[in-house]
Each structure stands twice: as C-alpha cells, then as structure tokens.
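**Student:** For reference, the chains in residue letters:
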Amino acid sequence: MKIYQKSITLPPFPRGFHLVTERIVSQFPELSKINTGLLNIFIQHTSASLTINENADPTVRKDFESHMNKMVPENAPYYEHTIEGPDDMPAHIKASLMGASVQVPVTNGRLNLGTWQGIYLCEHRDHVSGRRLVLTVYGS
Amino acid sequence: MKIYQKSITLPPFPRGFHLVTERIVSQFPELSKINTGLLNIFIQHTSASLTINENADPTVRKDFESHMNKMVPENAPYYEHTIEGPDDMPAHIKASLMGASVQVPVTNGRLNLGTWQGIYLCEHRDHVSGRRLVLTVYGS
Amino acid sequence: MKIYQKSITLPPFPRGFHLVTERIVSQFPELSKINTGLLNIFIQHTSASLTINENADPTVRKDFESHMNKMVPENAPYYEHTIEGPDDMPAHIKASLMGASVQVPVTNGRLNLGTWQGIYLCEHRDHVSGRRLVLTVYGS
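Chains as they are written, first to last, in the working numbering: chain A, 2 to 141; chain B, 2 to 141; chain C, 2 to 141.
Hint data in this document are derived by calculation from the structure and do not stem from the laboratory.
In this list, chains with the same sequence are indistinguishable; a pair is considered to hold if it fits within one copy or across any two.
Simulated pairs of lysine to aspartate or glutamate, EDC-like, Cα-Cα distance not exceeding 20 Å:
id, residue 1, residue 2
1, 63, 81
2, 34, 23
3, 71, 89
4, 71, 127
5, 63, 85
6, 71, 88
7, 63, 75
8, 7, 31
9, 7, 23
10, 63, 127
Please model the complete structure; the sequences and the hints are all you need to start from.
**Tutor:** If you want it as structure tokens, here you go:
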C-alpha cells in the first residue's frame, strides 16, 4: 500500500456547478502509480463543495444551480448569520448538502468513474477567489 | 495493509429506496480478510445513489421516496435538461444530495454498522437496468 | 501504511448542530502517528449525522437547524413512519442528507482542515442519549 497527498488550488469559478475532473487529474500524476485504490478529494472551504454527477450536458449543471437556489433560498426570514451577504448562509447549507469530499475508486492508475460521471466543483458564493483542495490517493 | 476491489452489478430495482446490505456483503467475501479497515461502496451512475439509513421498518424507505419527490419535484419550471423525461433532472439532483459513495468501518472481517443501520440503493429513475457498484475494502 | 480504529461515544447533545472537532481529536491520540493519511469518522446511528462546516459563528449552526426544519418538516401528510414521534422520520431524512461519515485529510499528524472548517455532530432527535462514533485513521 502506498499513499500520496497533494494540495492544489482551483482558479476562481463563477457561482454555479462546474466540471473539474481533468483539472484535478492533470495536477496529480501520482494517480498513475496506484493500481488498485481510492482517491479522496477534500475541499478546505465551507461555502463551496464537491459532488459527482453528469459530465455531458451543461444544462444539468445549470439546473443544479437553479434548484439549489430554490431549495436553499437567500433571505429566508429565519437566517441570523446575514452579515456577510445574502449568499453566505445558503452557501454554508448547500456545502453540507453536497459535501466536503468525494471518494473515487482508482483502477489501473486511472479514476474508475462511470461513463457519464464527472467531478463537480460547486461554487456557492457570488464573489470568490481560488479554492484549495487536498488530494489523497492510496492503494497498491 | 491490504486492499481488495471488485465490481458488481445490482439487478434493476423499482424507483425508490432499497436495502441492499446483504446483496453487497454476500458478493464480496474478501471483506472477511480485513481485521481493521474500511469499505468504500461507489455507484457508477448519476441518477441513482447510495446512503445509510434505518434497516427495519419499510415505511422509512417509502417516506424517503415521498419526501425526496416533494423536495426535488418533477417538472419544475426552471429545468432545462428535460429531454430524457420528467424524472431525469430530479434524479441527478437527488443523486448528489444522497451521494455516490458510502464508507463503512470494517472490524474483525465484518461491517461495523450500528444496530439499525443498513445500506440503501436509492433508485431515482422510473425505467432502469442494473446498477454497477465498485467495492473497495482496505485495512490490516 | 498503518491503520488505527477506535470507538468513542459523544455525550447527549440537544437537537441541533454542534462543533465536536476537539472532542474527537482529543480522544484519538493515534492521529499523531500518521504523517500522510485520512481520518474517517462514522456515526452508528440513523437519526444523527456528521458534516463539516463553519467553525466560528454560532448563528451558522442555528441557521442550519432552522433551515433543515423547513426543508424537512415534521408532520408532512405523506409520512407513514410516525409511531416514534413527529421528529423521527425527519431525523432519518436529515441524517441521509448530511451523511453518516466524513473524511478528513491528515497531514503531519494533524487534521488538515481549512481555517474555517470544523466537524459538526448533527443531532436530529428531540430526546437522545450518547452517540457512538467509529474513528479510523490510516496512512504512512
């Protein structure tokens, strides 16, 4: 069993859901050294998140943003944490609903995703800078 | 540390939430070789998902389906990804809310679940075929 | 690669979202033996859950509770699993939305969380006892 870990920073993305599979894989060549294993991708933020979903039609990512905004609306009357702007508290809730990390099986040095799967960065804030990820791959 | 990985296919299940703990464990005898470790179960699809919840009363699974249909409705006016049918875009959103993988501790060669915990396959589509899982167990 | 696993019990917390990072770390000194790795924290219950979110302002945790109660209300007319009280079925759904486990990178014997990240215990029931966690850390 081997383990490799690396921190990378994704550039700022606009609020919404974005495919970042290739950006991650291309920055982590150690992946190819693992024959059988798992990759953990962890985001070090609480107003952006990671998920795995459809990698083909961009309207899927648009509809994610539309629905998450409906399901976790801005300016709900019960929010008390409002000082950082109307997008802040919804961003925290959306981040926990999606999650701070994803795990992907690694097989023969490559991510063993399904045909239609890709890794999404979910950016929940209006004004952002880059987002730090910690990548950890391990296995034989 | 040892690691074992296997792909299996679950048979088609109707739309809804289904207990699949035994189907998974019975197809992965390598589990018994791990004294202290973790099992990762990964689903290679974007319109079905995995979660861990109550393993006893079937009405819990029915209520999950009812509430997820309310929380992520079909035919929302803002959906643009509609060509594959009214159940398609909600399926993608539900899949990310539940998640593409679960991790379960392994202790003495067995899943160390709580008394009332079981693994659910969450089938979000109306018409489905089998669902592919990648099982990875590792530890000492 | 090394692996350590330990079961601990958190004391009863009132319904709501609670920061428990230090309670977990202080009970798992084996963490310091891992230079590069991951910590998995698993909750052995189906009406409480774990997530990672903002570790500073207590109103964030209050707003989480308010919004989750709105998004997964008690007494929905379609619930059939009602015998254990109005908070029971919502607790199951909230638990799956948040998740039964979190993974955190470990670097130089410490959790490699972002500056503003902490681990939350999400207690979804009104009347609870302690909550059992299984901690598993592994790496080099």
